[in-house]
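All chains should be modelled from the sequences, with the hints used to inform the complete structure.
Top line first, the protein sequences correspond to chains A and B. Residue 39 in this note's numbering sits at position 39 of the first sequence, with consecutive numbering throughout. Residue 369 in this note's numbering sits at position 369 of the second sequence, with consecutive numbering throughout.
Hints listed in this document are in silico derivations from the structure and should not be mistaken for laboratory results. Glycine residues also receive a C-beta, built at the ideal position from the N, C-alpha and C atoms. It is possible that part of the hints are untrue.
[What the hints assert, rightly or not] Some but not every residue of chain A turned toward chain B, in silico, with C-beta under 10 Å:
#1 N25
#2 F48
#3 E80
#4 L90
#5 L95
#6 R134
#7 G135
#8 R138
#9 H157
#10 R206
#11 E278
#12 Y334
#13 T335
#14 A383
#15 S399
[Unchecked claim] Reference listing, derived: stretches of chain A covered by chain B, where coverage requires no fewer than 3 residues with Cβ under 8 Å from a Cβ of chain B:
#16 64 to 74
#17 81 to 89
#18 209 to 223
[Said to hold, decoys possible] List of simulated lysine-lysine pairs, DSS-like, C-alpha gap at most 27 Å:
#19 A/K437 <-> A/K411
#20 B/K437 <-> A/K405
#21 B/K437 <-> B/K405
#22 B/K408 <-> A/K408
#23 B/K64 <-> B/K210
#24 B/K437 <-> B/K411
#25 A/K210 <-> A/K64
#26 A/K405 <-> A/K213
#27 B/K405 <-> A/K150
#28 A/K411 <-> B/K213
#29 B/K408 <-> A/K150
#30 A/K437 <-> A/K405
#31 B/K411 <-> A/K150
#32 B/K64 <-> B/K213
#33 B/K437 <-> B/K408
#34 A/K437 <-> A/K408
What follows is the residue order along each chain.
Protein chains: 2
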Amino acid sequence: MAQITTPRPAQGTLELLPRQQVAFNRIADVVRRHFEAGGFLPLETPAFERTDVLLTKSGGETEKQVYFVQSTGGLANDREAVAAGDEVGLPDLALRFDLTVPMARFVAQHEGQLTFPFRRYQMQRVYRGERPQRGRFREFVQCDVDIIGKDTLSVRHDAEPPATMHAIFRELDFGPFTIHLNNRRLLRGFFRSVGITDEQQPLVLREVDKIDKRGVDWLREELTGERFGLAADVVDAVAGFVSTRTGSHAEALEVLAGLEGRDEELDAGVAELREVLEMLRHLGVPEGDYCVNLAIARGLDYYTGTVYETFLDEHPELGSVCSGGRYENLAGQYTRSSLPGVGMSIGLSRLFWQLMENGMVADEPSTVQVLVPLLDEALLPEALGLAAELRTAGLRVESVLEPAKLAKQFKHADRAGIRFVAVLGAQEVERGVVTVKDLQRGDQFEAERGDLAQALRVELAQPVAVRGD
Amino acid sequence: MAQITTPRPAQGTLELLPRQQVAFNRIADVVRRHFEAGGFLPLETPAFERTDVLLTKSGGETEKQVYFVQSTGGLANDREAVAAGDEVGLPDLALRFDLTVPMARFVAQHEGQLTFPFRRYQMQRVYRGERPQRGRFREFVQCDVDIIGKDTLSVRHDAEPPATMHAIFRELDFGPFTIHLNNRRLLRGFFRSVGITDEQQPLVLREVDKIDKRGVDWLREELTGERFGLAADVVDAVAGFVSTRTGSHAEALEVLAGLEGRDEELDAGVAELREVLEMLRHLGVPEGDYCVNLAIARGLDYYTGTVYETFLDEHPELGSVCSGGRYENLAGQYTRSSLPGVGMSIGLSRLFWQLMENGMVADEPSTVQVLVPLLDEALLPEALGLAAELRTAGLRVESVLEPAKLAKQFKHADRAGIRFVAVLGAQEVERGVVTVKDLQRGDQFEAERGDLAQALRVELAQPVAVRGD
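Next comes the structure, spelled out in structure tokens:
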């Protein structure tokens with residue numbers, strides 16, 4: 001007998017059963033629809049990039065986690081050279097670790113063929129050679145929107161990614177959520193105004209970034225401690241500043257006004273953030289769903305202006321579910337053109353996994369809406385004809401192709417999560433009708449065969465309580 | 001100044017500009033919709049698999065083209081060991097080279113959690129370390145449907161993949177096409193009946209598989225030649241057999257009837273193929289769109305019964321655009337359960353590339369349907385409000401955020417492939433209307449602001465001649 005290899009997927013990947021995948025796809029479809037409504041164009045790039053293109057910036061944590069790709073032949077040559085003691089460089093190809101670097105490469109490459117501002121969305125898998133642990137994935141789906149300007153990009157665009165993300169989280173309905181906004185110029189300017197040097201700023205910013213996790217007291221201790229040695233009153237000013245979260249739109253404007261007049265950079269940041277807030281209001285984002293949070297700094301070095309994080313109000317333990325910001329120069333490593341941009345990103349695999357863990361998403365019913373059972377061998381042509389009619393009318397249909405007891409076929413539909421069973425017995429054929437059992441409502445009805453598709457569509461359009469509720 | 005790395009993608013990948021990507025996505029959406037209508041469930045698996053799981057079957061051409069994946073740390077350890085002269089095995093992970101092996105692993109792994117027959121579709125990228133050449137890709141999107149039975153699977157299911165694929169190619173409208181059917185049992189039985197041994201059969205089948213490319217004369221020469229040494233009358237029988245292509249459904253049944261009574265295996269194959277043809281008819285597939293083609297053998301060893309290939313009648317040079325077949329045991333390397341199945345596959349990247357090369361697909365208009373220009377700084381709130389209203393009504397909208405000459409904004413819409421420009425000047429605001437310019441039709445109309453979304457939807461639902469036609 002042939003040897004059996006245990007069937008298991010690569011560690012650190014998220015693979016879903018069909019009805020979980022349906023739930024995942026429903027979310028992904030909402031994301032895609034709003035990305036497109038927001039005026040973003042689809043982009044897909046290959047999973048691997050040339051290593052020299054992918055790793056132009058050196059030293060980042062992410063670059064240390066890159067996955068290299070080698071063909072069978074390439075691997076053999078490489079090993080032969082290593083065994084011979086030759087100097088061997090990195091493999092030619094590597095899997096992307098985010099969607100930003102491939103987009104930067106794409107925009108630089110096709111600059112002359114794109115219209116600017118270039119607005120793209122991208123929903124693809126990215127790869128990180130992380131140590132496997134719960135909720136950390138080596139392959140995960142990321143959903144990004146970005147707007148890239150040629151030479152300049154009005155700060156007004158900074159309101160578009162959060163407006164689009166707002167529409168997404170509102171429709172997904174995981175409970176109340178808030179988009180927290182801040183501005184790196186405002187932050188830097190404020191620090192400068194209290195005497196924190198430009199050299200200290202990135203370090204202090206990094207500590208400030210941890211405040212949501214560790215609290216103000218921890219921050220105060222850290223900053224007065226040996227490493228930073230800041231005066232107590234400076235730390236008090238910083239601590240007061242970074243604990244600022246606004247409520248209403250008016251309060252946000254008031255807080256911003258109160259910061260002005262101390263530093264040029266601070267004022268510039270205030271002006272930008274004010275403009276973004278006004279834009280959000282004009283775009284119809286309810287004021288309860290965004291706030292100014294002066295603690296948001298975002299760890300990544302390349303953000304230069306607006307920064308965002310998004311939290312589910314009732315699930316702060318999930319961390320930010322959608323983040324991003326403004327960057328001054330997207331593709332400096334690939335082109336001399338100046339390409340400022342702004343974007344936000346949802347880590348969809350991680351979010352979905354967290355929602356599953358929290359019981360906040362459930363398996364969906366099957367994509368299949370109708371099962372056409374087979375009661376009797378002689379009825380096969382009729383049953384197939386019915387299935388074909390329903391499919392032509394846009395319904396998703398599974399046919400049973402060998403006769404079996406009806407109870408068994410109902411059980412199959414129930415187990416598979418198929419809502420309707422469209423029974424076509426000899427009597428029904430004679431009378432030109434179909435008996436439909438609705439397993440979700442637990443009732444049944446009869447329809448003229450010609451009216452069936454329409455009747456099912458009407459039923460499907462109405463909300464029903466999910467079984468088990 | 002920083003060093004510039006030339007921005008280019010990995011060789012042998014298909015990367016599209018936005019309006020090409022829109023065209024690609026339109027096709028992919030049609031494929032997905034019909035896969036779901038056909039009662040197939042979504043499955044997605046990780047791009048990489050454990051090497052021991054992926055490469056259980058050894059020696060295949062495909063396995064020689066596998067791409068191995070190694071993290072930075074894994075690569076370093078590997079090279080250190082090689083340099084030290086240690087025995088080093090293959091890397092732990094490799095990119096999938098098709099969607100069948102990951103599906104087999106998935107089904108074997110989750111056997112107890114799935115309902116059978118398990119019907120899945122999968123539309124994902126696969127990876128092959130091929131030598132780069134025109135139209136051969138190292139990364140390409142494959143679109144598969146398969147139906148997997150537990151222990152048994154009625155041959156009737158063999159009609160479902162081609163019925164679904166038929167619906168897809170009919171809607172895609174690349175011109176007339178024909179699904180060619182054959183059966184491996186019928187082929188083997190026929191060969192046996194003319195005295196070709198079981199050992200010769202796979203070799204003869206492989207030659208037969210080339211007949212569409214090389215012709216009957218070539219086949220006759222090959223089979224009477226040194227390598228096979230078949231008698232002239234046997235070769236004539238084979239040549240006559242493999243040049244059989246049927247026209248109507250009735251002719252197909254007649255041809256099948258004419259083959260019966262010579263060999264048990266042949267009769268079994270005939271009975272299976274007849275059943276599949278009858279099923280296709282009941283499923284409403286027009287008889288002009290399928291045929292029996294006794295030359296179709298499919299190179300792959302694992303097909304055991306029905307086999308299919310699909311050709312665009314007016315573009316035979318494209319080769320088969322959708323192929324597949326029946327296999328007796330999907331996952332023998334992962335489970336002792338018997339899992340017979342049947343499936344078909346579209347190599348979408350390759351097909352799309354061929355269609356582009358042949359001028360059979362064109363860039364689509366932008367996903368963005370409406371541009372809301374900005375005529376005057378003071379009108380920003382109104383313009384943003386209009387954009388938000390249209391988005392809420394389900395339209396895909398780009399807003400201009402800085403005032404510019406209207407002509408420039410029209411030009412932007414035109415270049416980007418955006419059909420409507422919804423102009424809201426001071427006059428329009430006062431009168432509560434919007435002036436819409438339709439760049440596709442080249443006309444304009446005025447609508448009450450509250451009726452605009454509905455008016456645009458009506459316009460979008462109507463077919464328009466594409467510009468340039």
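Each hint, compared with the structure:
Because the beta carbon of A/N25 sits about 6 Å from the nearest beta carbon in chain B, less than 10 Å, this interface hint is met. Contact between A/F48 and chain B, as hinted, is supported at the beta carbon level, the nearest pair being about 5 Å apart and thus within 10 Å. At a threshold of 10 Å, the smallest CB-CB gap from A/E80 to chain B is about 9 Å, leaving the interface hint in force. Taking 10 Å as the C-beta cut-off, the interface hint given for A/L90 holds, the closest approach to chain B being about 8 Å.
At its closest, the beta carbon of A/L95 sits 7 Å from a beta carbon of chain B; the interface hint therefore holds under the 10 Å criterion. Contact between A/R134 and chain B, as hinted, is not supported at the beta carbon level, the nearest pair being about 17 Å apart and thus beyond 10 Å. A least Cβ separation of about 16 Å between A/G135 and chain B goes past the 10 Å threshold, and the interface hint is therefore violated. Nearest Cβ of chain B to the Cβ of A/R138: about 8 Å, under the 10 Å cut. The hint holds.
About 6 Å separates the beta-carbon of A/H157 from the nearest beta-carbon of chain B, less than 10 Å, and the hint is met. Using the Cβ-Cβ criterion of 10 Å, the hint placing A/R206 at the interface with chain B is not satisfied: the shortest such distance is roughly 24 Å. Against a cut-off of 10 Å between C-beta atoms, the interface hint on A/E278 holds, since the closest Cβ of chain B lies about 9 Å away. For A/Y334, the suggested interface contact is upheld, since its CB lies about 4 Å from the closest CB of chain B, less than 10 Å.
Because the closest C-beta pair between A/T335 and chain B is about 7 Å apart, less than 10 Å, the hint holds. Because the smallest distance between the Cβ of A/A383 and any Cβ of chain B comes to about 9 Å, under 10 Å, the interface hint for this residue holds. Hint on A/S399 holds. Least Cβ distance to chain B is approximately 7 Å, under the 10 Å limit. With 11 residues bearing a CB less than 8 Å from a CB of chain B, the region 64 to 74 of chain A meets the requirement of three and the coverage assertion stands.
By the rule of at least three residues with a Cβ nearer than 8 Å to a Cβ of chain B, the coverage given for the region 81 to 89 of chain A holds, with 4 such residues. A stretch counts as covered by a chain when three or more of its residues have a beta carbon under 8 Å from one of that chain; for the region 209 to 223 of chain A and chain B the count is 0, and the coverage is violated. For the hint pairing A/K437 with A/K411, the CA-to-CA distance comes to about 12 Å; that is within 27 Å, so the pair holds. Annotation: proposed proximity of B/K437 to A/K405 is violated, straight-line Cα distance about 61 Å (limit 27 Å).
Only pairs whose Cα atoms come within 27 Å are accepted, and B/K437 paired with B/K405 is accepted, the gap being roughly 15 Å. Note on B/K408 and A/K408: the hinted pairing is violated, with a Cα-Cα distance of about 66 Å set against a maximum of 27 Å. Using a Cα cut-off of 27 Å, the hinted pair B/K64 and B/K210 holds, with the two alpha carbons roughly 23 Å apart. Between B/K437 and B/K411 the CA atoms are separated by roughly 12 Å; this keeps the pair inside 27 Å, and the hint holds.
A distance of roughly 23 Å separates the Cα atoms of A/K210 and A/K64; the hinted pair therefore holds under the 27 Å criterion. A C-alpha spacing of about 59 Å is found between A/K405 and A/K213, which places the hinted pair above 27 Å, so the restraint is violated. With a C-alpha separation of about 18 Å, the suggested pairing of B/K405 with A/K150 holds against the 27 Å cut-off. Taking the CA atoms of A/K411 and B/K213, the gap is near 49 Å; set against the 27 Å cutoff, the hint is violated.
Note on B/K408 and A/K150: the hinted pairing holds, with a Cα-Cα distance of about 16 Å set against a maximum of 27 Å. Restraint check: the Cα-Cα separation between A/K437 and A/K405 comes to about 15 Å, which is no more than 27 Å; the hinted pair holds. Of the pairs offered as hints, the one joining B/K411 and A/K150 holds, with about 17 Å between alpha carbons and a cut-off of 27 Å not exceeded. For the given pair, B/K64 sits about 25 Å from B/K213 by alpha-carbon distance, which is consistent with the 27 Å threshold.
Pair hint B/K437 plus B/K408 holds up; C-alpha atoms about 14 Å apart against a cutoff of 27 Å. Of the pairs offered as hints, the one joining A/K437 and A/K408 holds, with about 14 Å between alpha carbons and a cut-off of 27 Å not exceeded.
Checked against the numbered hints listed earlier, the structure breaks hints 6, 7, 10, 18, 20, 22, 26 and 28; every other hint is satisfied.
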